[in-house]
Amino acid sequence: AQSVAQPEDQVNVAEGNPLTVKCTYSVSGNPYLFWYVQYPNRGLQFLLKYITGDNLVKGSYGFEAEFNKSQTSFHLKKPSALVSDSALYFCAVRPFPGNTPLVFGKGTRLSVIA
Amino acid sequence: NAGVTQTPKFRVLKTGQSMTLLCAQDMNHEYMYWYRQDPGMGLRLIHYSVGEGTTAKGEVPDGYNVSRLKKQNFLLGLESAAPSQTSVYFCASTGTSGGAYYNEQFFGPGTRLTVL
Chain A
73 AQSVAQPEDQ VNVAEGNPLT VKCTYSVSGN PYLFWYVQYP NRGLQFLLKY ITGDNLVKGS
133 YGFEAEFNKS QTSFHLKKPS ALVSDSALYF CAVRPFPGNT PLVFGKGTRL SVIA
Chain B
63 NAGVTQTPKF RVLKTGQSMT LLCAQDMNHE YMYWYRQDPG MGLRLIHYSV GEGTTAKGEV
123 PDGYNVSRLK KQNFLLGLES AAPSQTSVYF CASTGTSGGA YYNEQFFGPG TRLTVL
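Read top to bottom, the protein sequences are chains A and B. Residues are numbered in my numbering as their position in the first sequence, beginning at 1, plus a constant of 72. Residues are numbered in my numbering as their position in the second sequence, beginning at 1, plus a constant of 62.
Source of the hints: derived by calculation from the structure; they are not laboratory data. If you're wondering where the values come from, they're calculated on a predicted model, not measured in any experiment. Built from N, CA and C at the ideal position, the CB exists for glycine as well. There may be inaccurate statements among the hints.
Said to hold, decoys possible - Here are the simulated BS3-like cross-link-like pairs (lysine-lysine), alpha carbons at most 30 Å apart as the crow flies:
no., chain 1, residue 1, chain 2, residue 2
1, A, LYS121, A, LYS178
2, B, LYS119, A, LYS121
3, A, LYS178, B, LYS71
4, A, LYS121, B, LYS71
5, A, LYS178, B, LYS119
6, A, LYS178, B, LYS76
Said to hold, decoys possible - A few chain B residues that don't get close to chain A, going by computed Cβ distances all over 12 Å:
no., residue
7, GLN68
8, ASP100
9, ARG130
10, ASN135
11, LEU137
12, GLY139
13, GLU141
14, VAL150
As the list claims (entries may be wrong) - Pairwise CB distance ranges, derived in the manner of DEER restraints:
no., chain 1, residue 1, chain 2, residue 2, range
15, B, LYS119, A, PRO90, 23 to 29 Å
16, B, GLU114, A, THR92, 40 to 46 Å
17, B, GLU114, A, LYS149, 46 to 52 Å
18, A, SER183, B, SER146, 28 to 34 Å
19, A, PRO151, B, GLY78, 52 to 58 Å
20, B, THR82, A, PRO151, 24 to 30 Å
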């Protein structure tokens with residue numbers, strides 16, 4: 073079965089420090105990978121995606137993610153965290169091939185402390 | 063563009079009551095989805111549609127029905143609400159330009175439903 077795991081329910085980081093939110097996936101074939109962010113009482117907003125090509129993907133708000141096929145990971149990173157980055161982050165995968173809906177991880181809550 | 067909108071934003075039902083959640087998108091997207099979000103569970107797919115007049119079951123379809131009579135609208139119905147259906151419901155859509163499997167899903171703001 074296709075799945076995504078976010079091993080950390082909560083990540084705490086000091087403002088100005090680098091942040092990493094982890095994601096690993098399990099799919100057959102090549103995956104299409106996505107990151108979303110959810111602010112309180114809001115819908116999910118798209119941050120970035122990996123389809124093919126360069127393993128380092130840059131997205132919105134200064135976020136980037138690194139695709140690692142050998143480790144089946146797609147970790148979200150940012151060089152310098154802001155308090156406003158505090159939110160719930162979801163990793164998602166769409167198995168290849170197919171016009172299938174995204175499969176989401178359970179989410180990681182990021183708290184950036186001033 | 064309004065993007066994806068959902069009606070209503072909040073609703074409280076009693077056990078056994080019925081209701082319909084409306085999702086509308088103005089992006090001419092082919093694909094539409096209904097998810098529910100529960101604490102610690104992430105987003106779970108209820109039903110989805112790959113085009114007008116077509117629907118398919120997702121991971122947690124029991125107790126829900128859907129209809130896609132118009133391309134821009136996707137309705138989620140609860141025929142006899144149960145407390146286990148207390149959740150936040152999100153609608154999403156995806157376009158097929160360039161290939162639907164490449165494209166991100168756009169989400170609505172959500173409907174918070176409480177069943178007493």
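Here is how each hint holds up against the structure:
For the proposed pair LYS121(A) and LYS178(A), the alpha carbon gap of about 18 Å is at most 30 Å, so the pair holds. Simply put, LYS119(B) and LYS121(A) have alpha-carbon atoms about 25 Å apart, close enough for the 30 Å limit, and the pair holds. Simply put, LYS178(A) and LYS71(B) have alpha-carbon atoms about 23 Å apart, close enough for the 30 Å limit, and the pair holds. A hinted pair counts as satisfied when its Cα atoms are at most 30 Å apart, and LYS121(A) with LYS71(B) qualifies at roughly 29 Å.
A C-alpha spacing of about 20 Å is found between LYS178(A) and LYS119(B), which places the hinted pair at or below 30 Å, so the restraint holds. Taken as a hint, the LYS178(A) and LYS76(B) pair is honoured in the structure, with Cα atoms around 28 Å apart against an allowance of 30 Å. At roughly 8 Å from the closest C-beta of chain A, the C-beta of GLN68(B) falls inside 12 Å, breaking its exclusion from the interface. In this structure ASP100(B) is not separated from chain A by more than 12 Å, as the shortest Cβ-Cβ distance comes to only about 10 Å.
At the 12 Å boundary, the C-beta of ARG130(B) stays outside the reach of chain A, the nearest C-beta of that chain being 14 Å off. For ASN135(B), the shortest C-beta to C-beta distance to chain A comes to about 17 Å, beyond the 12 Å cut-off, and the non-interface label holds. At roughly 17 Å from the closest C-beta of chain A, the C-beta of LEU137(B) stays outside 12 Å, upholding its exclusion from the interface. Non-interface call for GLY139(B) relative to chain A: holds, since the shortest CB-CB distance, roughly 19 Å, exceeds 12 Å.
Distance check for GLU141(B) against chain A: the nearest CB is about 23 Å away, which clears 12 Å, and the non-interface claim stands. At roughly 9 Å, the least C-beta separation between VAL150(B) and chain A is not larger than 12 Å, which violates its mark as non-interface. Evaluation of the 23 to 29 Å hint for LYS119(B) and PRO90(A) yields a failure: the beta carbon distance comes to about 42 Å. In this structure, GLU114(B) and THR92(A) meet the distance hint of 40 to 46 Å, their C-beta atoms being roughly 42 Å apart.
A hinted range of 46 to 52 Å for the beta carbons of GLU114(B) and LYS149(A) is inconsistent with their spacing of about 40 Å. In this structure the hint that SER183(A) and SER146(B) lie 28 to 34 Å apart at CB holds, the actual value being about 30 Å. Checked against the given bound of 52 to 58 Å, the beta carbons of PRO151(A) and GLY78(B), roughly 53 Å apart, stay inside it. The given range of 24 to 30 Å is broken by THR82(B) and PRO151(A), whose C-beta atoms sit roughly 46 Å from each other.
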